[in-house]
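Student: The task is simple: from the sequences and hints, build the whole structure.
Which chain is which? The protein sequence lines are A and B, in order.
FYI, the numbering for the first sequence is 1 to 510, going by this note's numbering.
FYI, the numbering for the second sequence is 1 to 302, going by this note's numbering.
Derived from the structure by calculation, the hints contain no laboratory data.
Positions of the beta carbon are idealized from the N, C-alpha and C atoms, including for glycine.
Hints are supplied without guarantee of correctness; some may be wrong.
In silico DSSO-like links for lysine-lysine, alpha-carbon gap of 27 Å or less [said to hold, decoys possible]:
#: 1; chain 1: A; residue 1: Lys53; chain 2: B; residue 2: Lys125
#: 2; chain 1: B; residue 1: Lys215; chain 2: B; residue 2: Lys196
#: 3; chain 1: A; residue 1: Lys157; chain 2: B; residue 2: Lys241
#: 4; chain 1: A; residue 1: Lys244; chain 2: B; residue 2: Lys181
#: 5; chain 1: A; residue 1: Lys244; chain 2: A; residue 2: Lys157
#: 6; chain 1: A; residue 1: Lys32; chain 2: B; residue 2: Lys128
#: 7; chain 1: A; residue 1: Lys194; chain 2: B; residue 2: Lys196
#: 8; chain 1: B; residue 1: Lys181; chain 2: B; residue 2: Lys128
#: 9; chain 1: A; residue 1: Lys194; chain 2: B; residue 2: Lys125
#: 10; chain 1: A; residue 1: Lys306; chain 2: B; residue 2: Lys215
#: 11; chain 1: A; residue 1: Lys310; chain 2: B; residue 2: Lys125
#: 12; chain 1: A; residue 1: Lys181; chain 2: B; residue 2: Lys128
#: 13; chain 1: B; residue 1: Lys196; chain 2: B; residue 2: Lys92
Selected chain A positions facing chain B (in silico; Cβ < 8 Å) [stated by the list, open to error]:
#: 14; residue: Leu87
#: 15; residue: Leu88
#: 16; residue: Leu222
#: 17; residue: Tyr466
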Amino acid sequence: MDYLDYVQMTTGQRFVYKLKSFFMGIPGAIVKLVSIVGHFIASFFSMIANGFKGYGERFSNGDTGTKLSYVIMGAGNFVHKQIGKGLLFLAAEVAYIVYMVSFGFQYITQIYSTGVNIGGNIVNGVIGNEGPIYGQDPDGLTGDVIINSDTVDDSNKILLFFVMTVLITIAFVVVYVANTKSAYAVQQIEQSGKKPMSAMEELRSFLDERFHVTLMAIPVILLLIFTVLPIIFTIFVAFTNYDKNHQPPGNLYWWVGFENFADVFYTNKMKSETFGKILLWTIVWAFFATFSNYILGIVLALMINKKGIKFKGFWRTMFVITAAVPQFVTLLVMRILLDDKGAINSMLGTNIPFLTDMSGVWPKITVILVNMWVGIPYTMLISSGLLMNIPEDLYESARIDGANAFQQFTKITFPYIFFVTTPYLITSFVGNINNFNVIYFLTAGGPNSDSYYQAGQTDLLVTWLYKLTVNSSDYNLAAVIGLLVFVICAAGALITFNMSKASKNEEEFS
Amino acid sequence: MTNTQSAAMKSGYAARRKAANIIIYVILSIMVIIWLFPIVWLVMRSFSGDNLIAPKNFFPTEWTFDNYINLFAVWDSEANAWVDPDPFPYGKWLLNTFIVAVCSAVISTLIILMISYAFSRLRFKTRKTFLNFGLILGMFPGFMSMAATYNIMEIFGLKQSLVGLVIVYSAGAGLGYQVSKGFFDTIPRSLDEAAKIDGATRNQIFWVIILPLSKPIIVYTALTTFLSPWADYIFVSYFMKDNQENYTVAVGLYNMLEPNYIANYFTRFCAGAVLIAVPITILFVIMQRFYVAGVTGGAVKG
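Tutor: What follows is the structure in structure tokens.
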């Protein structure tokens, strides 16, 4: 379809077209994601290759000091009388060597110990500290298990310290390369007859040319330790058998390759069926939750902002109040109200199983309705601002041409809002895929069913992930689900990006 | 068209519009009632003397302030004295949440301002890489790596502690730079350049020029980071496990509704919920404009 066809469509057709292209865009977006990741990896390696080239060039062109700094960090700076900087580089090298020898290196070796194990366990005379053989469960072996806190290997710690050591090593390599660059730079400055920067000047540059280093150092280090490290650890866990039967300390877990992914997709009947059902419901939920909130929120905003409606501020504030109360409070109150013997049923004198209907129909409807209660004020709040931004002259010229209120809505208001909020719509679709609060506080994923693995009829992927982590300690499965959610969100983000770029080109409202 | 004709048309039009407005008033009133019902019901329950979870009447049959008092102290008739409420030390939780919220608000605000200034105003070689990494990290479900974070805190000796909670909240703040970066982007770059010509360093520009112009975004960042610990249930409940002493209000209140307790503690839960909801609601209503700007990426000017 080209641009001309698109312009000739009515609003409704455009809406359907956009919807269709959104869902049809998903496979394409996934392919694109893969290609972007591929491109990312390729550029990463070419960066490394370029780095090596520069690394070699600097070495062949370097003087003695520079060459020496390839082995003893900071040597180049010492030769050119940058004592402070040289000392820092030397200290970094010494610290790294001490860390690796005394602590880090053992975890690098243990991660591959006996080729496939994450660690060894002391079991009395049966397996020895070699650890279990690949694919063999230590629980199945006879003998006394001695758990000695001094000698026992903790798979968790081994994996965690392994990731940590890798991150530290990467950081060290960065410092090391910076050291060779710094040595070569100072050599070149001296050769060209200028005076190299003094320590004071270097320090001062961290408040000016290199101010970004000062600003970002602490936040990035914190992110690395408390966000990146746990995420990498969890990604690794997706490839192990770290479940409720393999809980360290005392038990080991080890690499199982893609077994968990295979389980979720087809090998394990129960898990794969649960995954299929939950994925389907997650998408159905996200669709209804997003569009019901979106459309009714805009309608509400239109009603409040209609000309001639008085007390606009009052109406808006009433709805904003419900959005402002912390979600866990309102949702817990809703749960209490909608209980089988709750206030709604007792006031109406009915007996509706809002949240407990075993067939799952009532709970599914209820969570979508309650989500409307939670979400419509937000959409109202956001689209109110947008409504005020619609150029008034558009309406004026429409009125002169004889358009009635309904036509004005379908030809001006709705296209405008839809145009401006398309990215928001997709963000909130992704947000609803991740909507933990509404489901967990209302039904906790229930009603539970035997045909689900550790989940209930209204569970979303994220609440299933949470339950797998907290209730059943199936960390490996939880990690797999987390990765899959990540892929879905990344695809959604890419579609948003593409569409907002595309909509800018259309210039419908320029 | 004569004057009378057009007047008749006008009045017909006005009547139609009036009718439409009345319908809208009716719809809005019904909606407000539906939307406010659960909240007003919660407030009513918090003042109720009976401990009913599902009363037939909307208004309490017996009004009392005891639920609020009992959150902080319970009258022990045997000892003839006020004692701490035993299973649910609400006052302690309130204090915990307040400490965590203040500490993490201060640290997070600093971190967010630093990061967003660097991304918005400074140009350096690794900028794009960092921005991409930030985007990718943000797409992982927040609590996917909860267990690993717990393990790391255990190694630092900070598991189930308030300090650990502050660190996790503040560390995560590094990814929440979008709104304030968007704000910094709108400050004219000519200001920076003029200052640079006058010999100011980037450090001075940050403190002397940018920050004083950024009061609204500083307030917004501080308030949002202050508010988030009050509403966070997921991470705290996993992180604190059974360490009741260090619970925050959200986890504590949730536990009041456990099947063992709900019958006796329901109205107290209501009082506790109202107590934290009131200040948060007021803050949100005041800040709603910033919220909208944050969500729509600064598209809203009004």
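Student: Run every hint past the structure and note whether it holds.
Tutor: Structure-based check of all given hints:
1. Lys53(A) <-> Lys125(B): holds, 19 Å
2. Lys215(B) <-> Lys196(B): Between Lys215(B) and Lys196(B) the Cα gap is close to 22 Å, so the pair holds against 27 Å.
3. Lys157(A) <-> Lys241(B): holds, 20 Å
4. Lys244(A) <-> Lys181(B): violated, 43 Å
5. Lys244(A) <-> Lys157(A): holds, 17 Å
6. Lys32(A) <-> Lys128(B): holds, 19 Å
7. Lys194(A) <-> Lys196(B): holds, 25 Å
8. Lys181(B) <-> Lys128(B): Satisfied, since the Cα-Cα distance of roughly 14 Å is no more than 27 Å.
9. Lys194(A) <-> Lys125(B): holds, 26 Å
10. Lys306(A) <-> Lys215(B): Distance of about 34 Å is beyond 27 Å: violated.
11. Lys310(A) <-> Lys125(B): Given pair Lys310(A), Lys125(B) is violated - Cα atoms ~55 Å apart, limit 27 Å.
12. Lys181(A) <-> Lys128(B): holds, 22 Å
13. Lys196(B) <-> Lys92(B): violated, 50 Å
14. Leu87: violated, 25 Å
15. Leu88: Violated. Min distance 20 Å.
16. Leu222: holds, 4 Å
17. Tyr466: Since chain B brings a Cβ to about 6 Å from Tyr466(A), closer than 8 Å, the hint holds.
The structure is inconsistent with the numbered hints 4, 10, 11, 13, 14 and 15, although it conforms to all the rest.
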